[in-house]
Each structure stands twice: as C-alpha cells, then as structure tokens.
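Q: Work out the full structure, taking the sequences as your base and the hints as a guide.
Start counting the sequence shown at 1; every next residue gets the next number (this note's numbering).
No wet-lab data here; the hints were simulated from the structure.
Note that the Cβ used here is the ideal one computed from N, Cα and C, for glycine as well.
Be a bit skeptical, because a hint or two may be false.
[To be verified] Below, in silico cross-link-like pairs of lysine to any residue (SDA-like), each with a Cα-Cα straight-line distance of 20 Å or less:
| id | residue 1 | residue 2 |
| --- | --- | --- |
| 1 | Lys60 | Lys180 |
| 2 | Lys186 | Ser76 |
| 3 | Lys138 | Ser193 |
| 4 | Lys141 | Leu111 |
| 5 | Lys267 | Arg246 |
| 6 | Lys277 | Asn259 |
| 7 | Lys75 | Thr131 |
| 8 | Lys164 | Asn140 |
| 9 | Lys159 | Ala187 |
| 10 | Lys267 | Gly245 |
| 11 | Lys60 | Phe86 |
| 12 | Lys138 | Thr167 |
| 13 | Lys138 | Lys180 |
| 14 | Lys79 | Lys138 |
| 15 | Lys180 | Gly67 |
| 16 | Lys159 | Thr131 |
[Said to hold, decoys possible] Label pairs and their computed distance ranges (CB to CB):
| id | residue 1 | residue 2 | range |
| --- | --- | --- | --- |
| 17 | Ala265 | Ser157 | 38 to 46 Å |
| 18 | Gln125 | Thr167 | 47 to 55 Å |
| 19 | Ala265 | Gly54 | 52 to 60 Å |
| 20 | Ser253 | Gly70 | 34 to 42 Å |
| 21 | Phe214 | Thr112 | 25 to 33 Å |
| 22 | Gly218 | Gly181 | 25 to 33 Å |
| 23 | Ala257 | Val92 | 47 to 55 Å |
| 24 | Ala243 | Asn204 | 39 to 47 Å |
| 25 | His163 | Glu195 | 20 to 28 Å |
| 26 | Leu237 | Val128 | 44 to 52 Å |
| 27 | Thr112 | Lys85 | 26 to 34 Å |
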Amino acid sequence: MIAFLKRFSEPKSAPRQNIIQLFFCAILLFSTGNTFAQAELMPWGNLTGIRVNGQLMDFKTTLNVIGTGGWSDVKSSGKELQKPKFGRVGNVQTVTTKINGIDFTEIVTDLTRGVVRVTVRSVAQEDVNLTGVFMGVKWNKLEYTGKNFFEVAPLDSAKTVDHKDYTEVFLPIHTGFFEKGVVYEKAFTIRVSGEIDTAAAEINLDASTKGRLFAGVGGNFRLQNSKLDPQVIDYCLANMRVAWGRVEMPWRSWQTALNIDPTAASKNGKLDLHVKKSMQMA
Numbered sequence: 001m002i003a004f005l006k007r008f009s010e011p012k013s014a015p016r017q018n019i020i021q022l023f024f025c026a027i028l029l030f031s032t033g034n035t036f037a038q039a040e041l042m043p044w045g046n047l048t049g050i051r052v053n054g055q056l057m058d059f060k061t062t063l064n065v066i067g068t069g070g071w072s073d074v075k076s077s078g079k080e081l082q083k084p085k086f087g088r089v090g091n092v093q094t095v096t097t098k099i100n101g102i103d104f105t106e107i108v109t110d111l112t113r114g115v116v117r118v119t120v121r122s123v124a125q126e127d128v129n130l131t132g133v134f135m136g137v138k139w140n141k142l143e144y145t146g147k148n149f150f151e152v153a154p155l156d157s158a159k160t161v162d163h164k165d166y167t168e169v170f171l172p173i174h175t176g177f178f179e180k181g182v183v184y185e186k187a188f189t190i191r192v193s194g195e196i197d198t199a200a201a202e203i204n205l206d207a208s209t210k211g212r213l214f215a216g217v218g219g220n221f222r223l224q225n226s227k228l229d230p231q232v233i234d235y236c237l238a239n240m241r242v243a244w245g246r247v248e249m250p251w252r253s254w255q256t257a258l259n260i261d262p263t264a265a266s267k268n269g270k271l272d273l274h275v276k277k278s279m280q281m282a
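A: And the structure:
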C-alpha cells in the first residue's frame, strides 16, 4: 500500500502575525488558567519555540558561558556537547547541565496560552572571573516583521547581535566574579502569539498498489555502553524479528596509525577488545 501525504501550510513568503514578548524580572506573578502553553525544550536546554494550538511559534534559546577572552570565548548549550539530564513533571520541564565549569539548572514552566516562565540557575564549581553567563534568544526577522511585535526588556543590560536574517539578544544571568557555590539566578517570561494554520491536511491511500511485506525491525547495534548495550542487543535479538541492523566498525581502534598493519596485529592476538566485540556481534 502506498500513502501520499499532502499538507497545506502557509507560504514561506507570507510573514506570520506573530507577537512575542520577552520580559526580564526577579519576581513575576501570573494567573494560571487551565490552558497551558506547549514549550518545546530540547533535552540539552535549548528552547525551539512555543506551540499554540499545535502551531509552533519558533525562536531559539541557548545557555552561554562567556570566558575572560570576551565574546570570542563562548561555550554554549547544544546537542551532544554536554551531558545533560532532562525531566518533566506536569507542566514543568527541567534540564541540569554543566558548561565550562558552571552548573546550570533550567526550569521551564508552562503558565497559560502562549506564556512560559524560564528560570536559569548557575553555580560555579570554584571561584572564577568570567565575562558572564547569559541566556541567548534568537528569532528570524523574516517571520517577525510588519505587524509582528517583539519586545525585550531590559535592553540596557542585554547584548544584541543583529544579522541580516535574524536578531539575537543575550540576557545576563550574572557577570564578572563567580563565587564558588553561590547560586546566581534569573527568571524570564516568554509570551508568543500568532496566526494559527488551520488548513486541512489530506491523506490519499492507493489501495490498488501493494507495498512491501513487513520483513522485521532494524536496529542501530553500536557498543557505546559496554555494560548496558549488550543486554539491550541480546534482548532485541531474542524477542524481535530483527531483519536489518547497523553495526559498527571502530576504525579509530582498528588502525591507530597509517604505518600499522591492523590485519597482522589482529592475527598476532593484538585485536582491540572493542573491535573484537563489534565483529562478534556482527
């Protein structure tokens, strides 16, 4: 069976009627209704937007540590750059991570339709002087133009980077000297609103054409965790119809230098253990 999917969405050239407001404050009180926002928070701490009735009002946020070298010395949160931990309870999402010697706790709370609160806590592992710790907020100019409205406050303490297609604002959590163990915390509120795309989505099924038979599942069988991965792989092979699999050849361990013959070394009993286990699994 072949499925054809067609989705009707607004043209890229038509700017959304979005309104996004970002206010900084130490204490904010909001009356929380029954309808929550839907903040999209990545497990490493970056927001990608807020959904309103399923429509993504997109923007980007990052956690940033600016070293003593100034703005050319920036370490930011990102996918596979740190070892974060993510959790969610109800309408509250929490990420804990570590960037360049600073421990972060980021708490994102859905308040009401199109409104979330972002609380960022930072703690230094030792006394250190830095340019500062900042939360970056980035939005596309093409999507927020015309009648669209964007406000950031206070601008006097924020650093603005203006590019052709986007604007990025860095809001300070703390600047200067960081005392070991002291918690430096700031709270922000992000508001978004805009036109919701309610155009219909159509799915057409061609039942006259048969699809491929189900052969089984596939897996990514890489030995990254020597303690847990073999157990997971054994379970999959024992309990599922595994028809396809992606196996790993650890080239870095197989041939550590160009002038080494890895085949000869393996025949002499010097085969790397990671390579051996990967080949046995394959």
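Q: Which constraints among the numbered hints does this structure fail? Numbers only, ascending.
A: 1, 4, 5, 6, 10, 13, 17, 18, 21, 22, 24
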